[in-house]
Structures are given as structure tokens and as C-alpha cells.
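Q: Sequence:
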Amino acid sequence: MKMQRVLPIERQVLRARGAAQDLADLARELLSSHRLPSDPRLLMDIIHQGAQRLTQRIPGICLMVWRRDSAGTELCYRTDAPQEAESLPAELPEAAWDGVFADPQGSQRIVLPSPEAAPLFDNLARLGHRMICLHAWGRPEGLHGVVLGGGLNKEADESERICQAIEVLASYFTSVTDIAGSLWDLYQTRQRLEGGLSAMHQVASAITAHPDHPVDTLSAIVSIIAKALEADLCAFLLYDDKAGELVTQVGAYGLSGDEGSLYRLPITNDKSSSIRVFLTGMPFVTGDAQSDPRVISRYAKLWRCHSLIVVPLSLRDRRIGVMRVGSFKKDYFTSDHLQLLQLIAEEAVVLVESALLTRKLAEANQKLSEINKLKDEFVSTASHEFKTPLTTVKGFLTVLLQGEAGPLTEQQRRFLKISQSATDRLTALVSDLLDLSRLEAGVSMDFVPVSLAQLAEECRHDHEPQARARAVHMEVSCPPSLPQVRGDAKWLRQLLDNLISNALKFTPAGGTVAILGEEMGDVVRVTVKDTGVGINAEDQQRIFDKFYRANNRDLTNPPGTGLGLAIVKFIIDKHEGRVWVDSEPGKGSNFHFILPLAKKGEAVEEVV
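Residues in the sequence shown are numbered consecutively from 1, following the working numbering.
Accuracy of the hints is not assured; some may be wrong.
[Said to hold, decoys possible] Each computed SDA-like pair below joins lysine to any residue, with the alpha-carbon atoms no more than 20 Å apart: (1) LYS271 <-> ARG304; (2) LYS227 <-> ARG130; (3) LYS505 <-> GLN494; (4) LYS360 <-> GLY244; (5) LYS574 <-> THR527; (6) LYS569 <-> ARG438; (7) LYS394 <-> ILE418.
The hints are simulated quantities; they were obtained by calculation from the structure and are not laboratory data.
Turn these sequences into a full structure, and let the hints guide you.
A: Right, here's the structure in full:
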């Protein structure tokens, strides 16, 4: 008797052990059957394959699998027995969904026929099913579903085996869904990070590529941002301190030609999200701009904008504007988008500040240019007006000094000579001003082959009386073979006259002024050398500027206007040459210039 009682128990243990082994084999087979997907969209293939493996292990099983997400519910697998496939409805009753997900174990067993009026259950009962098992899989907040399993007229042990297999299959679906969801989240995070890094790199490249064209760079940046975030609108609004407004900048992305494309916001308009961000320095995000009372709905509707981010542009605690990014979709932007925009804003604000400074500098330069033009016009007009009366005064002084108006006393002659000297200086100033005015206005020049050696001798002859009067020795050293240069003889003579006159002014008695010429490849170099007071290093950088007088001029207090060397520079530039100076205080100065050689057979050319 005792042995007879043990045998049934042993058989039950063996059956239980076999069932457990079958379940373990099923689980192992499911997990090793294929790679887990990194994209949840591929889960349906895994569900289908997993269900097929179960039907292969338990022939004749009735198996149905549903999936549900935000898009809806669908039957994604059922056994393909012809009669059942034709007769079974595809819809699982909502009460069954609620019941299985409300159960702590996520499972439910329904004895058929069911008191619940449900076409699916009625048809299963009509086909001979006595019990079915339901088991939930997935997470209700994401992708989830229900597995239904049953067998025709199965024994209790077989029905239990089916229920346990259904539980294994549902657990497998849940695990796969969780892992795939995590992998997908990681993939999307990586994509966002890579996209953000790429956008940051492109912004930095745009800034360094066009530092002198801020408008073009801002336009490039808004395009980069819009593409990186898949946004529909993007714009910079910068503060105009004169108007007290935030002004949309040219090149805004997604805004073209319609009302508000370049709109302006008074800083006093606290209904604007952009103004509040500018004043507080705090970013603003909304997922429904058209209904959000914190946004001016007229513009949001005009641009069809639903989601909106506004971030401040700040530099050293000084806010200079905002950046706005919009999307046609509701609730589109995330904290990742906001973080990326704040990083880009930190990079772009340097360029924005540069754009503001460039604009202010351009405005200042424009004003200075206008003032300088008015000044030049005044100087030119005044010089012309001075020239005629000065000529008259000088003529009468000459008549008086020659005694044609009667004899002069020594005192009268001394006074008249002082007046004549002052008139000569004023005449020289007027002459320099007129020459400079003509050069700046673009006077035409006739370029022909010119002998600098001959011009140097002529200039020495003209300045010889002045040199003798100052007890300064003059000499010219130009080889007879010195080639001709291409230039305007009248203006080149003016150039040499100015350099020689300048050298004589600053060379004391007993000194020397020399004109040296030499051929250097395809140019001729001429040096006007003196043994005068010299020029300080800091003055040499500005010695050719208009009206500039070096600090050492007070050593000899010579007359001069500060225009002679400026005229020299203008003439050299017109001739496509170069002029420079090397000097040392107390050791004299060397003024050098080079001019291109004339080509053989070169015709006269007029240059403006």
C-alpha cells in the first residue's frame, strides 16, 4: 500500500520537473533565438517569432497576441488554424484589458463559457475551449499588450502547462520591450548629443569663417540651429539702446516678407516673452504659444508657432538681446533643446557683440567721413579764396620793397620784409592745401618715361640759393645709366621738391643734403639724405600723416605746415611706389622711395 501511494506522488514530481524543464527550455530558446532590437519599431518581428516558437512547442494551442500604444490597439499575432482564423474576432474586450492589468500578477484565467457577453469568448467556447489564460506584457505607460492562450478540450495538466507557457512568453515580451526601450532612449540621447556637438562645431566654424561679416554669420547660425533642432523658426533680437527696442535681425530663419518678419518690441512691453527674458535673464519655454497668455498671440498665430523657446544673450552680466526658436508642433521642445540653445547662445553672443560694435563703428566712421568731407571742401574753398588776395598782397610788397612807391626807411624795409616772409609762408600753405585737395579728389596724371637723375639735378639747382643761405652743402649722386621710371614729371618734381625742402629745414649750418639714385631690379630707388636733427622712432610711424609735426621740430622751430610729406605719400601711392624713412635723433634722416621702371616704347598714359 505504501509503495502504491508513493508512485503517484513520484509521477507528479516527475511531471512537474518535466514541465519546469520545458518552461526553462522555452525561455532559453526565446532569449537565444535572435538579437535584441535597439529600435522599438522592430519589436513586432520579435513578438511574431516568439509566438511561433511557442506554437511549435505546444501543437494545437490557440494563441493570440495584442499590442497597444498611443497610436491604438492591434492584433499582431494569432495561430493560423483555418477554422479558428476565419471565425475568431480580433478584438479583446476592454474589461479583459482592465482585469488583466489590474491583477497583481498581470494574469487572468477565464472559464468558458464566460458570463461576460464578448464575441471573442463566445466563439472560443463554441469551438470547444473550456478555459483560456490571459497575461499582460509591457508597461501601460508605453508599449504593452496581452497574450491569450487556450487549448481544445485539454486536460487540467495541459491547460496549466499552456498558462505557464503563456506567462513565460509574456515575461519575455516585457523584458524585450524594456530593453529595446532603454536602448532606443540611449540611441536617441546619443543622437541628440552628437547633433548638439555638431551644431556647436558648425556655429564655431561660422563665427571664425566670417568674423568681418556678422550679418551673414548670424544668418548662418540661425539656419544651423533650425536644422539641429528640426525647428521651423529661429531669429536673433538685439537691443537698440537708442530706440529702446528689441529688433529682429536680418536673416531670421522661417520669417520672410510677411508682417513681423523684422518686427520691433519696445522694452516697456512686458506682455512679450522676449522682453521678459531680456529683462530677467531667465529662459522661457512654452508648448502652446498660441494659447499661452505669456506670449503675444498675434505673432504666434501669424507664424503658426506652437512651441517656443526664448534664451537671453548675455556678455559679462550685460544683456544684449535674445534668441527665439519656434516649432509648428505643440509640446515639441525638451530640456535637452533648451540646454543646447543656451550653449549656442554663449558662443554666439561674442559674435553678436562684435556685430553691435561693428555697426556702431560703421556709423561713427560714416559721420567722420561726412565731417572730413565737409572739412576738405571748406579747406579747398578757403584756399582758393586766399590765393588771389595773397598774390595781390605779395605783388604790392614787392613793389614797395623795390622802392617804386618811394624811398623807404630801414624800419619800413624791415617791416615789409617780415610781411613778405609771412606772406610767403601763407602762400606755401595755400599751395600745399590746394595740391593735397587735388590729389585727394583724384587729379589725373600723365604717365610717361621720366629721368629721375635729370629731375634731381633740376631740383638741386632750384634749391641751391636756399642751401647757400643756410650754409648747407647739396649734392646729387645718380649714375648716368640710371634708367627712366614710369610717372608724371610734374608731380615727381613736386615730390623731390618737398623732400629736399624738408631736409633743408632741419639741417643746421655746415650740414649736407644729398640726393642718391640707384637701380634695384625692376625699380629705381631714390634717397634724400640729410645730416639734420633726425626723427624719433615713435614719430616715424606717423610722419606721412596730414598735418602731423614731429616732436623734435621745436629744436630748430622751422616753418612748415605738416602737409609736405603727406603730399609725398599721395604722389607715391598714385605711382604705385613706396616711401619710407629711417632716422635716428641727432644723426639725420634718410627718406627713401622706389618707383617702377618705364617699359621700352611705353606710350603716354593718363591715370586718375
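Q: Compare the distance between the alpha carbons of LYS271 and ARG304 with 20 Å, and conclude whether the hinted pair is satisfied.
A: holds (19 Å)
Q: Taken at face value, is the distance from the CA of GLY244 to the CA of LYS360 at most 20 Å?
A: Status holds; Cα separation ~16 Å.
Q: Regarding the pair LYS569 and ARG438, is the alpha-carbon distance no greater than 20 Å?
A: holds (14 Å)
Q: Is LYS505 within 20 Å of GLN494, Cα to Cα?
A: holds (16 Å)
Q: Below or equal to 20 Å on CA atoms is what counts here, so check LYS574 against THR527.
A: Satisfied, since the Cα-Cα distance of roughly 19 Å is no more than 20 Å.
Q: Does LYS394 pair with ILE418 here, judged by a C-alpha cut-off of 20 Å?
A: Between LYS394 and ILE418 the Cα gap is close to 12 Å, so the pair holds against 20 Å.
Q: LYS227 and ARG130 were given as a pair; does the straight-line alpha-carbon distance stay at or below 20 Å?
A: Roughly 59 Å separates the two Cα atoms, so the pair is violated.
The structure is inconsistent with hint 2 alone, although it conforms to all the rest.
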